[in-house]
Amino acid sequence: MSDSHLTRRGILGTGVALTALRGTGALAKEPAAGESPPVAPEGTMIDVGLTVNGSYRQLALDPRVSLLDALRDHLGLTGTKKGCDHGQCGACTVLVDGVRRNSCLNLAVACSDREIVTIEGLGSEEALHPMQAAFVVHDGFQCGYCTPGQICSAVGMLSEIERGMPSAATADLAARAMPVAEAEIRERMSGNICRCAAYPNIVAAILDAAGKTTG
Amino acid sequence: MKAFTYERVADAAAALQAVARPGAKFLAGGTNLLDLMKVDVEMPSHLVDISRLPMAQVEEIDGGGLRIGATVTNSDLAADRRVRKRYPMLSRALLNGASGQLRNQATTAGNLLQRTRCYYFYDTAKPCNKRSPGSGCSALNGYNRIHAVLGASDACIAVHPSDMAVAMVALDAEVEVLSADGNGRSIKLRDFHRLPDTTPQVETALEPGELITAVLLPPAPAGGQVYRKVRDRASYDFALVSVAALVDLDGDRISTARLALGGVAHKPWRPVDAEQQLVGKPAVAEAYQAAGTAAVAGARGYGHNDFKIGLAARTVAAALEEAAQQAGPRKG
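Residue numbers (this note's numbering), protein chains in the order written: chain A, 1 to 215; chain B, 1 to 332.
Bear in mind the hints are in silico, worked out from the structure with no lab data behind them.
Computed from a predicted model, the values in this text were never measured in an experiment.
Idealized CB from N, CA, C, for every residue including glycine.
Don't take each hint at face value.
[As the list claims (entries may be wrong)] With a straight-line cut-off of 25 Å between C-alpha atoms, the simulated BS3-like cross-links for lysine-lysine are: (1) K2(B) to K188(B); (2) K2(B) to K82(A); (3) K25(B) to K38(B); (4) K25(B) to K188(B); (5) K188(B) to K85(B); (6) K82(A) to K38(B).
[To be verified] Counterexamples of contact, computed for chain A against chain B with all Cβ distances above 12 Å: (7) Y56; (8) S66; (9) T93; (10) P130; (11) A133; (12) F141; (13) P200; (14) N201.
Let the hints inform the model, and build the full structure from the sequences given.
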């Protein structure tokens with residue numbers, strides 16, 4: 001159990017009760033059809049199971065806890081950054097079932113049983129993910145605060161291109177193959193703000209990681 | 001954020017039962033609801049998670065239309081090949097809204113039900129008749145650059161922020177709803193959102209406890225389709241003005257015209273008079289400009305947003321011209 005849990009226990013002063021509440025599992029199971037299952041009373045911690053970077057993790061969380069706070073404060077994965085906490089900056093971007101999302105705008109409890117990949121799960125210090133390596137090569141950052149979100153977003157974004165999903169920059173909506181081009185990347189990455197304005201190098205890094213040396 | 005209880009339901013019947021609890025709200029994508037809960041503008045005491053209900057399909061319906069499930073994400077809807085081919089203005093509208101991450105999460109029904117981005121609505125330290133009925137409108141004499149020029153009232157000059165809904169109104173979409181008693185009904189999307197009048201807190205025609213299950217698109221009329229959005233940033237920004245336009249030609253004359261405007265009113269604005277005056281007219285710039293003027297008939301600025309009236313008229317004209325070019329000259 002992490003320090004944050006111990007802290008929460010201390011605040012609540014009901015360590016035994018909390019332990020007892022864990023494992024009741026009312027919401028861990030899929031509810032039956034046609035009826036609304038019993039609802040845990042307000043203030044109850046809810047069992048949440050998440051697969052994070054390949055490992056299944058079980059947590060007991062207040063339903064208000066965002067996926068972002070669950071990752072950072074309850075699992076100690078501080079690579080995912082909190083910028084605006086309102087879905088405007090993209091610093092908290094992670095992959096949920098392979099799709100990029102703002103972790104600040106997801107309740108952790110609503111992500112139960114989903115597969116989450118954070119910056120810590122993309123690569124390791126010894127073996128960087130190609131997108132991480134490209135950001136290093138192209139100097140795709142300055143202060144680095146937005147970088148984990150930029151990289152997770154870029155990985156998800158290239159997957160969207162591979163799957164033929166169009167963007168506002170796509171000239172031909174009928175086309176099956178989407179181009180990996182500078183204008184496309186700039187449009188598709190607009191949900192990730194970089195206040196150091198490293199945008200030209202971020203675009204270069206993404207083009208490189210996608211196997212393109214020019215737009 | 002205020003404390004709430006949470007449950008995830010297995011089907012629509014359970015969802016209706018669950019949302020009957022006092023203070024309950026549905027949670028689907030949550031991109032707007034959770035955002036508003038963080039600033040105590042939305043304070044549900046119970047959340048009913050419907051995000052895993054089997055409502056994420058886009059299906060063909062008899063007669064050539066599409067039925068879009070309530071939880072189809074904005075990304076999936078924009079990328080659907082049938083939408084791209086038959087309703088390109090809808091794909092364009094979706095792709096011009098929000099960011100990639102948000103589109104991956106935001107749902108079709110949630111997009112319709114999103115609240116205004118009026119900054120006074122978000123600021124709980126300020127009067128706002130929508131958030132706190134009877135407290136007054138801070139925008140009326142405030143910084144109202146992003147606000148409405150059509151259909152507003154002294155109680156509220158907020159605009160509906162959706163791009164998707166603008167295209168859907170132009171396409172004559174209907175909202176399929178399940179009522180609390182389990183019976184279904186449908187509401188024309190153009191009648192779904194309300195003008196503010198004296199009750200801006202009542203935003204839609206939904207009754208308490210109702211669940212949106214789908215949006216129905218009839219077959220699109222033939223013709224060129226355009227969605228043109230004007231905003232302060234080139235990407236990831238709400239519309240100052242947006243226009244969905246459909247034009248078909250018979251020879252060198254206009255045979256069909258559809259128009260809807262975003263960013264100008266409390267609801268997607270469908271200027272039927274402007275559409276009707278185009279039919280039978282020569283497909284020339286003067287006709288489009290006249291339609292643009294007609295589309296903003298009765299518009300009123302509130303100071304900082306006066307520019308929107310002329311901008312809307314010009315954007316209508318430009319979108320019509322582009323749609324007519326796409327329709328191309330046809331043999332009459």
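Hints, verified against the model:
1. A threshold of 25 Å between alpha carbons decides the hint, and for K2(B) with K188(B) the separation of about 35 Å lies outside it, so the pair is violated.
2. About 20 Å separates the Cα atoms of K2(B) and K82(A), which keeps this hinted pair within 25 Å; it holds.
3. For the proposed pair K25(B) and K38(B), the alpha carbon gap of about 15 Å is at most 25 Å, so the pair holds.
4. Between the alpha carbons of K25(B) and K188(B) the distance comes to roughly 23 Å, so the proposed pair stays at or under 25 Å and holds.
5. With a C-alpha separation of about 23 Å, the suggested pairing of K188(B) with K85(B) holds against the 25 Å cut-off.
6. Of the pairs offered as hints, the one joining K82(A) and K38(B) holds, with about 14 Å between alpha carbons and a cut-off of 25 Å not exceeded.
7. The non-interface label for Y56(A) is consistent with chain B: the shortest C-beta to C-beta separation is roughly 19 Å, beyond 12 Å.
8. Against the 12 Å criterion, S66(A) falls within the reach of chain B, whose nearest CB is about 8 Å from its own CB.
9. Separation of T93(A) from chain B is inadequate, the least Cβ-Cβ distance of about 6 Å not exceeding the 12 Å criterion.
10. Residue placement check: P130(A) keeps its beta carbon more than 12 Å from all beta carbons of chain B (closest about 20 Å).
11. With a least beta-carbon separation of about 22 Å from chain B, A133(A) lies farther than 12 Å from that chain, consistent with its non-interface assignment.
12. Against the 12 Å criterion, F141(A) stays outside the reach of chain B, whose nearest CB is about 19 Å from its own CB.
13. Every C-beta of chain B lies more than 12 Å from that of P200(A), the closest at about 16 Å, which supports listing it as non-interface.
14. The Cβ of N201(A) lies farther than 12 Å from every Cβ of chain B, with a closest approach of about 19 Å, so its non-interface assignment holds.
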